[in-house]
Amino acid sequence: MKENEKKTNYGNWVPDNLMHKMWIAAGLIFLLWIVNWIFLGSMIFAVIFGFFFLLMLAVSVYMHRCKAIFAFEKGGLMGEIHEYLVNHLPYNGDGILLDIGCGAGALTIRCAKRFPKAKLQGVDYWGKEWNYANEQCESNAVVEGVSDRVCFEKGDAANLKYPSGSFDAAVSNFVFHEVKTQPDKRLVVKEALRIVKKGGAFAFQDLFGMEALYGDMEAFVEELKAEGIREIHYIADIERLDFVPKFVQAPWMLKGVGIIYGIK
Numbered sequence: 033m034k035e036n037e038k039k040t041n042y043g044n045w046v047p048d049n050l051m052h053k054m055w056i057a058a059g060l061i062f063l064l065w066i067v068n069w070i071f072l073g074s075m076i077f078a079v080i081f082g083f084f085f086l087l088m089l090a091v092s093v094y095m096h097r098c099k100a101i102f103a104f105e106k107g108g109l110m111g112e113i114h115e116y117l118v119n120h121l122p123y124n125g126d127g128i129l130l131d132i133g134c135g136a137g138a139l140t141i142r143c144a145k146r147f148p149k150a151k152l153q154g155v156d157y158w159g160k161e162w163n164y165a166n167e168q169c170e171s172n173a174v175v176e177g178v179s180d181r182v183c184f185e186k187g188d189a190a191n192l193k194y195p196s197g198s199f200d201a202a203v204s205n206f207v208f209h210e211v212k213t214q215p216d217k218r219l220v221v222k223e224a225l226r227i228v229k230k231g232g233a234f235a236f237q238d239l240f241g242m243e244a245l246y247g248d249m250e251a252f253v254e255e256l257k258a259e260g261i262r263e264i265h266y267i268a269d270i271e272r273l274d275f276v277p278k279f280v281q282a283p284w285m286l287k288g289v290g291i292i293y294g295i296k
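Just so it is clear: in the sequence shown, position 244 is 276 by the working numbering, and no numbers are missing.
Capping the alpha-carbon separation at 27 Å, the derived lysine-lysine pairs in DSSO-like fashion look like this:
{"hint": "1", "residue 1": "Lys99", "residue 2": "Lys53"}
{"hint": "2", "residue 1": "Lys38", "residue 2": "Lys149"}
{"hint": "3", "residue 1": "Lys106", "residue 2": "Lys287"}
{"hint": "4", "residue 1": "Lys222", "residue 2": "Lys287"}
{"hint": "5", "residue 1": "Lys106", "residue 2": "Lys39"}
{"hint": "6", "residue 1": "Lys39", "residue 2": "Lys99"}
Beta-carbon label-pair distances, calculated as ranges:
{"hint": "7", "residue 1": "His96", "residue 2": "Glu254", "range": "38 to 44 Å"}
{"hint": "8", "residue 1": "His52", "residue 2": "Lys145", "range": "28 to 34 Å"}
{"hint": "9", "residue 1": "Lys39", "residue 2": "Gly59", "range": "27 to 33 Å"}
{"hint": "10", "residue 1": "Asn119", "residue 2": "Val67", "range": "51 to 57 Å"}
{"hint": "11", "residue 1": "Phe279", "residue 2": "Ala57", "range": "21 to 27 Å"}
{"hint": "12", "residue 1": "Thr213", "residue 2": "Leu72", "range": "45 to 51 Å"}
{"hint": "13", "residue 1": "Arg262", "residue 2": "Trp55", "range": "46 to 52 Å"}
{"hint": "14", "residue 1": "Ala268", "residue 2": "Val174", "range": "33 to 39 Å"}
Since the hints were derived computationally from the structure, they do not count as laboratory data. Fair warning: this is a prediction, and the values are worked out from it, not measured in the lab. Backbone N, C-alpha and C define an ideal beta-carbon position, used for all residues, glycine too.
Given the sequences, and given the hints that come with them, work out the whole structure.
Have a look at this one:
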C-alpha cells in the first residue's frame with residue numbers, strides 16, 4: 033500500500049482480544065451444551081450449559097455492538113467523546129500540549145488539528161491488554177499530516193518524567209482509572225496537574241463519578257483549589273449527554289464519566 037493510501041488505525045475501547053475470548057468462550061459452552069444434550073443425554077447439564085451459552089452469546093453480541101458504536105470509522109462515539117473534551121480545554125494553542133495516556137494517538141492528533149500552532153507530546157504505558165503501540169501512533173500522525181508537530185514516547189501517568197510546569201496544556205481521556213502503578217487515583221490527577229505551567233490549561237475525562245476511585249469529587253475539586261489551581265470546573269455524568277447512546281450507558285461500559293477542566 034502506498035504511503036498516501038494508508039489509513040488511520042485508532043483501535044477501540046473494546047479490545048479485539050477481549051472479543052476473541054468472548055466468542056471462543058461462547059463456542060466452547062455451546063459444544064458442552066451439545067455434548068450433554070445429544071451425546072450424554074444429561075438434561076440437567078444440558079439446561080445449565082444452554083443457559084450459560086445464551087447468556088454468553090447475549091453478552092458477546094452486546095459487546096460487539098458497543099465496539100461498533102465506539103469505532104471511529106463506524107459509530108464514532110470515541111471521536112465525539114474526544115471532541116467534548118477538547119471543546120472544554122481553555123487553551124489558546126500556543127506552546128506544547130501533553131496527552132497523558134495517548135493510546136493510539138487519536139486525542140493527540142485531534143488536538144494537533146484543533147491547535148495548528150501547538151506542538152504535541154503523547155505519552156502512554158502501552159500495556160499488553162490494549163491494541164496500541166508507539167509505531168501505531170506515529171503512523172496515524174503521518175496519515176493525518178501532523179507528524180512534524182507530534183511525538184510519542186513510553187511513560188507512566190503516575191510518575192511522569194517531565195519537570196513541573198513543563199507544558200502549556202494537558203489532556204487525558206479515560207486513563208487515570210487504568211493506572212496500575214498508583215492505587216490512589218487522586219494522586220494521578222495531581223501528577224497530571226504538576227506538569228502544567230502556572231496559567232496553563234487542562235481537561236481530563238475519567239470515571240470521576242465512581243466514589244471507590246475518587247471519593248467526593250466536589251470535595252476533591254475544593255482541595256485542588258486550596259492547593260493553588262486557579263480555575264477548575266467539574267461536570268458529572270457525561271454519559272447521559274445526548275450524543276451518548278443509551279445502549280452503552282451501563283455500569284460495565286460508560287458509567288460515572290466526568291470531566292475536570294480549567295486553568296492552573
